[in-house]
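Chemist: Using the sequences and the accompanying hints, generate a full structural model.
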Amino acid sequence: MDALVNKPLRRPNDDYVLDPHWDFGAPSQIRYYNWTIVDKDGNPDGVFKPMMTIDGQFPGPLIEVNEGDTIVVDVLNLATNATSIHWHGIFQNGTNFMDGTSGVTQCPIAPGYSFRYNFTLTGQAGTYFYHGHQGVQSLDGLVGPLVIHDRDAANNLPLRYESDRVVLLQDWYYDPGSGLLRDSLSPGNEAAPVPNAALINGLNQVDCSLHPGRRCVRDGTALPVLNLNPGANHRLRFANVGGFAWFQVSVDEHSSLPIVEVDGTTIEPAAESVIILSPGQRYSVILTANQATQNNYWLRARMIKACFGEPNMPEDGVDEAKAIVQYSAPSKLLGSQSDTSGLPTTNDTNINYIKTCKDMTSRSTYRPTPPQPAPEYADHSWYLRINLAIGDWRLQRGVINQSSFRPNLQEPTLHRFLDGFASSNFSFNGEGINTAAFAPSELVISNKGVETVDVILQNMDEGSHPFHLHGTQMWILGAGHGYFPGYKALGLKPQGMGLLDPNNSTVIDNPLKRDTATAEGFGWVLLRFVADNPGVWLFHCHMIWHSEAGMAMQFASRLEDMKSWALPEENRRLCGADREELYKGAPPSDDIFFGFHNDDR
Numbered sequence: 001m002d003a004l005v006n007k008p009l010r011r012p013n014d015d016y017v018l019d020p021h022w023d024f025g026a027p028s029q030i031r032y033y034n035w036t037i038v039d040k041d042g043n044p045d046g047v048f049k050p051m052m053t054i055d056g057q058f059p060g061p062l063i064e065v066n067e068g069d070t071i072v073v074d075v076l077n078l079a080t081n082a083t084s085i086h087w088h089g090i091f092q093n094g095t096n097f098m099d100g101t102s103g104v105t106q107c108p109i110a111p112g113y114s115f116r117y118n119f120t121l122t123g124q125a126g127t128y129f130y131h132g133h134q135g136v137q138s139l140d141g142l143v144g145p146l147v148i149h150d151r152d153a154a155n156n157l158p159l160r161y162e163s164d165r166v167v168l169l170q171d172w173y174y175d176p177g178s179g180l181l182r183d184s185l186s187p188g189n190e191a192a193p194v195p196n197a198a199l200i201n202g203l204n205q206v207d208c209s210l211h212p213g214r215r216c217v218r219d220g221t222a223l224p225v226l227n228l229n230p231g232a233n234h235r236l237r238f239a240n241v242g243g244f245a246w247f248q249v250s251v252d253e254h255s256s257l258p259i260v261e262v263d264g265t266t267i268e269p270a271a272e273s274v275i276i277l278s279p280g281q282r283y284s285v286i287l288t289a290n291q292a293t294q295n296n297y298w299l300r301a302r303m304i305k306a307c308f309g310e311p312n313m314p315e316d317g318v319d320e321a322k323a324i325v326q327y328s329a330p331s332k333l334l335g336s337q338s339d340t341s342g343l344p345t346t347n348d349t350n351i352n353y354i355k356t357c358k359d360m361t362s363r364s365t366y367r368p369t370p371p372q373p374a375p376e377y378a379d380h381s382w383y384l385r386i387n388l389a390i391g392d393w394r395l396q397r398g399v400i401n402q403s404s405f406r407p408n409l410q411e412p413t414l415h416r417f418l419d420g421f422a423s424s425n426f427s428f429n430g431e432g433i434n435t436a437a438f439a440p441s442e443l444v445i446s447n448k449g450v451e452t453v454d455v456i457l458q459n460m461d462e463g464s465h466p467f468h469l470h471g472t473q474m475w476i477l478g479a480g481h482g483y484f485p486g487y488k489a490l491g492l493k494p495q496g497m498g499l500l501d502p503n504n505s506t507v508i509d510n511p512l513k514r515d516t517a518t519a520e521g522f523g524w525v526l527l528r529f530v531a532d533n534p535g536v537w538l539f540h541c542h543m544i545w546h547s548e549a550g551m552a553m554q555f556a557s558r559l560e561d562m563k564s565w566a567l568p569e570e571n572r573r574l575c576g577a578d579r580e581e582l583y584k585g586a587p588p589s590d591d592i593f594f595g596f597h598n599d600d601r
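Residues in the sequence shown are numbered from 1 upward in steps of one, following UniProt numbering.
It is worth saying that the hints were derived from the structure and are not from the lab. Don't be surprised by glycine CBs; every beta carbon is placed ideally from N, CA and C. Check the hints yourself; a few may be wrong.
[Claimed, not checked] Pair by pair, the computed Cβ-Cβ distance ranges are:
(1) 581 with 311: 35 to 45 angstroms
(2) 348 with 70: 39 to 49 angstroms
(3) 293 with 402: 53 to 63 angstroms
(4) 175 with 570: 45 to 55 angstroms
(5) 576 with 80: 13 to 23 angstroms
(6) 50 with 493: 46 to 56 angstroms
(7) 70 with 440: 33 to 43 angstroms
[Claimed, not checked] Here are the simulated BS3-like pairs of lysine-lysine, each with C-alpha atoms no more than 27 angstroms apart in a straight line:
(8) 40 with 7
(9) 358 with 488
(10) 305 with 358
(11) 355 with 305
(12) 448 with 493
(13) 584 with 7
(14) 448 with 563
(15) 40 with 584
Modeler: See the structure below:
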């Protein structure tokens with residue numbers, strides 16, 4: 001383990017550049033990865049903090065695969081806290097056990113334990129990522145990119161490009177996430193922790209004089225460099241892998257950044273000059289290196305402070321991370337640590353900085369290609385009222401229809417379903433909201449067969465809530481400010497049961513399909529998905545302080561198919577760890593704030 005702890009924290013510039021010689025037509029294969037989770041002190045931007053890393057590096061390694069490949073990741077947890085790895089946006093068709101959601105699909109990987117993730121990538125391509133799904137571990141470094149290549153990319157690409165790379169955006173906190181989480185859940189606390197800084201691909205540089213109370217070493221830090229061949233098109237895969245901040249992204253003097261992918265959905269090129277990403281969202285853009293004024297330009301990723309509810313950053317923090325877009329000869333595109341002594345002198349005078357926290361779909365129309373029309377009829381329509389509410393003992397919690405979720409880390413929901421089916425416990429068979437087998441706070445909504453489900457998210461808060469659905473994508477049928485206006489206003493029959501006018505199918509024609517969508521502050525969004533992927537799937541706000549405060553629920557799909565499943569022995573083995581070990585790194589129990597007992601959950 002010492003070798004991993006002493007390994008250089010930062011990755012070379014080219015680590016997130018995709019293979020230019022990639023074989024899109026290679027036969028499907030198994031791609032193996034062997035990871036060890038270790039704690040170490042790191043200073044991505046100069047300020048040291050305790051981090052949770054994969055093999056001692058941050059961010060985690062790029063996983064680059066073809067559609068149809070199988071990923072096998074052996075994870076050994078040598079960190080202090082328990083963990084799990086969620087594969088954000090991956091459908092996990094037939095492998096719900098591998099979703100990596102602590103308390104929902106698996107018990108956590110306790111310290112000293114290991115687990116093998118094994119799943120095949122079917123029916124999807126695009127930009128994804130993975131992250132720790134126990135508490136707020138992504139804030140401490142447990143994140144990394146995952147890219148799935150479309151085997152038919154030559155025919156499906158809306159715009160050609162010469163190079164391809166991932167650009168990870170992340171808010172960054174200087175204090176350990178577990179302590180911040182406990183503070184955020186404490187009585188009387190109504191404000192989520194505000195990040196200290198931002199990172200691009202795990203990098204930034206801060207002025208250490210602004211942080212006299214912290215250990216800060218700027219030597220060895222760096223700004224990320226994107227080497228681009230002049231005159232060519234380049235794909236930039238932006239992913240907001242952070243926990244709380246929305247980002248606005250722009251490149252100085254490059255006003256054309258057409259979007260070609262949204263959360264794994266290829267779209268017709270949509271002209272944009274800035275990109276806005278909530279936590280969990282991804283956008284691919286094409287940057288044309290065609291400016292002649294100079295060779296270096298700033299890429300700016302600015303956190304939208306209006307989304308924090310707090311006007312100031314802590315410790316005089318800077319709300320912007322920057323990378324250098326450098327026009328380089330082709331020979332420098334890979335493997336070169338470019339000279340950054342001549343920093344860009346460009347400015348952002350032409351950029352209007354956003355002060356609202358809305359998805360880009362609220363002002364633009366993005367059309368998937370090839371078209372993916374939504375089903376005409378919904379079998380079920382669920383109205384979910386979401387908000388942060390003050391309850392007993394002045395505890396602020398995330399609420400969905402008066403339910404505040406806390407996962408059961410010893411008996412995950414999927415395990416209880418399968419054990420219930422095996423013992424012929426009919427309380428697990430019910431459709432709709434299942435309060436017979438599950439506590440109301442768990443909010444489990446079940447479907448027996450393949451059904452189309454509508455979800456109306458009504459946000460009663462001033463702040464926005466970007467919601468992520470595990471296991472599938474959702475069509476965005478409508479969104480707006482105020483109260484949901486009703487189906488009729490969108491051209492649909494009550495409860496989404498068909499079109500009002502058979503000759504007007506605009507609402508379902510070819511709406512955007514994605515896995516993370518936002519209900520703006522005091523607003524609504526109508527989502528439609530097909531519950532055809534068997535398993536238990538978490539649906540939660542991806543602003544990490546809100547989800548860990550309880551703003552989450554679960555959809556259980558295709559119960560009849562699940563009845564034939566057997567729980568893998570390796571999954572059950574994880575649950576054999578001591579209770580205390582399983583809960584390390586998880587949010588504290590509310591009971592500790594009542595003064596009844598110590599924090600043993």
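Chemist: Each hint should be assessed against the structure and marked as holding or not.
Modeler: Comparing the hints with the structure gives:
Taken as a hint, the range 35 to 45 angstroms holds for the pair residue 581 and residue 311, whose Cβ atoms sit roughly 41 angstroms apart. At roughly 44 angstroms, the beta carbons of residue 348 and residue 70 sit within the given window of 39 to 49 angstroms. Checking the proposed 53 to 63 angstroms range against residue 293 and residue 402 shows it holds: the Cβ atoms sit about 57 angstroms from each other. Hint check: residue 175 to residue 570, Cβ distance near 35 angstroms, so the stated range 45 to 55 angstroms is violated.
Taking the beta carbon of each, residue 576 and residue 80 are about 20 angstroms apart, inside 13 to 23 angstroms as hinted. Take residue 50 and residue 493: their Cβ atoms lie about 55 angstroms apart, and the range 46 to 56 angstroms holds. Restraint check, residue 70 to residue 440: a C-beta distance of roughly 39 angstroms satisfies the suggested window 33 to 43 angstroms. The suggested pairing of residue 40 with residue 7 holds, with an alpha-carbon distance near 10 angstroms, which does not exceed 27 angstroms.
In summary, the hint linking residue 358 to residue 488 is supported, as the alpha carbons are separated by about 24 angstroms, within the 27 angstroms threshold. With a C-alpha separation of about 13 angstroms, the suggested pair residue 305 and residue 358 falls inside the 27 angstroms cut-off, and the hint holds. Proposed proximity of residue 355 and residue 305 is supported: the alpha carbons are some 8 angstroms apart, at most 27 angstroms. Note on residue 448 and residue 493: the hinted pairing holds, with a Cα-Cα distance of about 24 angstroms set against a maximum of 27 angstroms.
Between residue 584 and residue 7 the CA atoms are separated by roughly 25 angstroms; this keeps the pair inside 27 angstroms, and the hint holds. Our distance criterion of 27 angstroms between C-alpha atoms is met by residue 448 and residue 563, whose separation comes to about 10 angstroms. As the CA atoms of residue 40 and residue 584 are separated by approximately 17 angstroms, the hinted pair is consistent with the 27 angstroms bound.
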